[in-house]
Amino acid sequence: MQSERKIRVLIAKPGLDSHDRGAKVVARALRDAGMEVIYTGLRQTPEQIVETALQEDVDVIGLSILSGAHMALFPRIMELLKEKGLTDVLVFAGGIIPEEDIPELKKIGIKEVFGPGTSTETIIKYVLENAPKRR
Amino acid sequence: MFDRQKIEEIAKERERWEKTTLPNWIKQCPERQKEFKNHSGMTIKGLYTPEDIKEMDYMRDLGFPGEYPFTRGLHATMYRGRLWTMRMFAGYGTAEDTNKRFKYLLSEGETGLSTAFDYPTIMGYDSDHPIARGEVGVCGVAISSLQDMEVLFDGIPLDKVTTSMTINGPATVLLAMYIAVGDKQGVPREKLGGTTQNDNLKEFFAQKLCIFPPQPSLKLSVDIIEYCARHLPKWNPISISGYHIREAGATAVQELAFTLYDGIAYVEETLKRGLKVDDFAPRLSFFFASHNDFFEEIAKFRAARRLWARIMKERFHAKNPRSMWMRMHVQTSGCTLTAQQPLNNIVRTTIQALAAVLGGTQSLHTNSFDEALCLPTEESVRVALRTQQIIAYESGVANTVDPLAGSYYVEALTNEMEEKAMEYIQKIDDMGGVIPAIEKGFFQREIADSAYRYQREIEEKKRIIVGVNKYAIEGEEIPVKLLRVDPSVEKKQVERLQKLRRKRDNRKVKEVLEKLHYAAEKDENLMPTIIEAVKAYATLGEIMDVLRKVYGEYKELIII
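Protein chains in written order, with the numbering used here: chain A, 64 to 198; chain B, 53 to 612.
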């Protein structure tokens, strides 16, 4: 019998900013919670992120951005995911993202946005409850 | 500092107190925690007495302000003579927008400019590079050529202000542009005052805005140090930065130790250029964070000054007392700001700023209360500046020099900070210095571990953040007005740049870029050639591309 596959998560940092403290803490917390976590480092282009998601066959993508370029970069990532047929991947975001941008981001398929001060526990719970069920 | 007999008496009395008075109080009112610790993990005792500093020697460890080892301050009169420089970091949008903000800050009583650049500029890309999309002018001002720099300082005489530029990888280019603007204004180079951050080493494990591999990055930093020692006597060529190390998650001790070690590396590398330590060390400057633990921060600043003085004297045999001066800029800690109940951040910033002043800083930036959410508005920046002015003019703390000296607690903590930092310095020495330590991922791992531990403590409520894990408001609406950068900024900036490319003398640009390539391969000091290049209106991206070709690009070592 094959054991149930671990949830595979890609933590990705699009944009030019280098604030990776949050992304790394979240990556480590998800890993400690028993998930397979892939963190690809800073300054990933939308193309690189989607390529990694495809190669690594991930269930979840967490995007972290603190540069303010989310409205320029997130739509591109979502578009590419759709192009590659990765529509069942759960995408959430974190960083400095103003409240008023969230409805627009949800419209393009980003399922949740976590602001500063969110506990890793909240994020772990969210991923466990919402990751697509696969075997 | 105390005679032995007195210490023995105090010890005896303390033991008696611990057996008689203390237990009754603990029975009635048990201590709130089993253990009290600061951010660096030091155990804080309930009471400090002369016993805790009995090994101290006043003249050896404290001395007088303005004299070695400078624990009590760099200047004999400190803020009685002159207040610290209130230097607020600013920059967004186009050069015109930031020029306006600069003029506003100067009119509000600010005494020094501090420039924030946008990410494309920081990473050495022009505003029209594809990777710059969505980032132009967002987190700072976009500067792609001398033309932008001319607009940025339009109407601001460079001999009347000092300018700090937060730039590292491309620092040579931005400094070259500043020199070129000065030349155009007719300001002699020896009158240009200011600072380039230019601390490329900390990029590899803290701020992570690395362009080139470690060795050429260090070379470029040292090019500026050397060039300034020879031509720009009033310029601080480098601001050796602990701020980013701390913000990335380091403890106070790690911030102190890693920053000072970077300082050691720059001194060693500059000595290889044939300069004597006293030729350049007086212009080295430092930059620290001020976090929440009030006394820990004060102790850190005092220990930093003493430790640097000792390193310069004992390790590098400096003779000029100014070479032993640790001149520091402090910024209140951005990562302590909360998005929840943002007005609380004014209080946090006040406490942190007060620690910096009691720690004897030379200049200070106070964060605005809305910065966990967005770029600060004019109003929030004003409150932040007023915070400093209230400390300076109303609180009375600036009326005497180093008022906390002699506090048993502060002195004991200062000593412990220095000891713990020295242990790290020894460890890095044993690893063969900064670059081997970076390549092994030593700093990266240390900092990532501390960051994770800090977050765990918050989640386990071992560390309370008011408004976040205690006293949170359920369903809080955050009423902060957001300053947004107009998306037309990118368009305007790109148009200006493309127009420049058409109208400049492109043959000359090509020539000077070839010359730069040659100079980089020959390992010359690149400052003179880069000044020539910016004056020909070669762009930042073009200059950096030449260097990328010669040096290669840095590939991040990923450690989570």
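Accuracy of the hints is not assured; some may be wrong.
Unchecked claim - Anything over 12 Å on all C-beta distances counts as not near chain B; from chain A, calculated:
1) LYS76
2) ALA86
3) ILE101
4) TYR102
5) GLU142
6) GLU184
7) LYS196
Said to hold, decoys possible - List of simulated lysine to aspartate or glutamate pairs, EDC-like, C-alpha gap at most 16 Å:
8) LYS188(A) / GLU511(B)
9) LYS567(B) / GLU605(B)
10) LYS155(B) / ASP104(B)
11) LYS513(B) / GLU142(A)
12) LYS169(A) / GLU142(A)
13) LYS155(B) / ASP109(B)
Stated by the list, open to error - Some chain B residues well away from chain A (every beta-carbon gap over 12 Å; in silico):
14) GLY98
15) GLY118
16) MET175
17) VAL213
18) LYS260
19) HIS296
20) LEU425
Calculated directly from the structure, the hints in this document are not laboratory data. All residues carry an ideal CB built from backbone N, CA and C; glycine is no exception.
16 Å Cα cutoff - pair LYS155(B), ASP104(B): violated (50 Å)
Is the nearest CB of chain A more than 12 Å from the CB of GLY98(B)? The claim holds: GLY98(B) sits with its nearest Cβ about 31 Å from chain A, beyond 12 Å.
Least C-beta distance from GLU142(A) to chain B larger than 12 Å: Answer for GLU142(A): holds, closest chain B Cβ roughly 14 Å.
Find the nearest Cβ of chain A to the Cβ of GLY118(B) and say whether that gap is larger than 12 Å. holds (38 Å)
Below or equal to 16 Å on CA atoms is what counts here, so check LYS513(B) against GLU142(A). At roughly 40 Å apart (the allowed maximum being 16 Å), GLU142(A) and LYS513(B) break the hint.
Would you say TYR102(A) is clear of chain B, with no C-beta pair closer than or equal to 12 Å? violated (5 Å)
Once the closest CB in chain A is found, is it more than 12 Å from LYS260(B)? At roughly 4 Å from the nearest Cβ of chain A, LYS260(B) sits no farther out than 12 Å, so the non-interface label is violated.
Is LYS155(B) close enough to ASP109(B), meaning Cα to Cα at most 16 Å? Violated: LYS155(B) and ASP109(B) sit about 48 Å apart, past 16 Å.
Run the C-beta distances from VAL213(B) to all of chain A and say if the shortest one exceeds 12 Å. Holds, because the least Cβ-Cβ distance between VAL213(B) and chain A comes to about 28 Å, which exceeds 12 Å.
Whether LYS76(A) stays farther than 12 Å from all C-beta atoms of chain B, as the label says: violated (10 Å)
Non-interface claim for MET175(B) versus chain A (Cβ beyond 12 Å): violated (6 Å)
For GLU184(A), is the shortest CB-to-CB distance to chain B above 12 Å, so the non-interface label stands? Check fails; 6 Å does not lie beyond 12 Å.
Hint compliance for this structure: hints 1, 2, 3, 4, 6, 9, 10, 11, 13, 16, 18, 19 and 20 are broken, all remaining hints hold.
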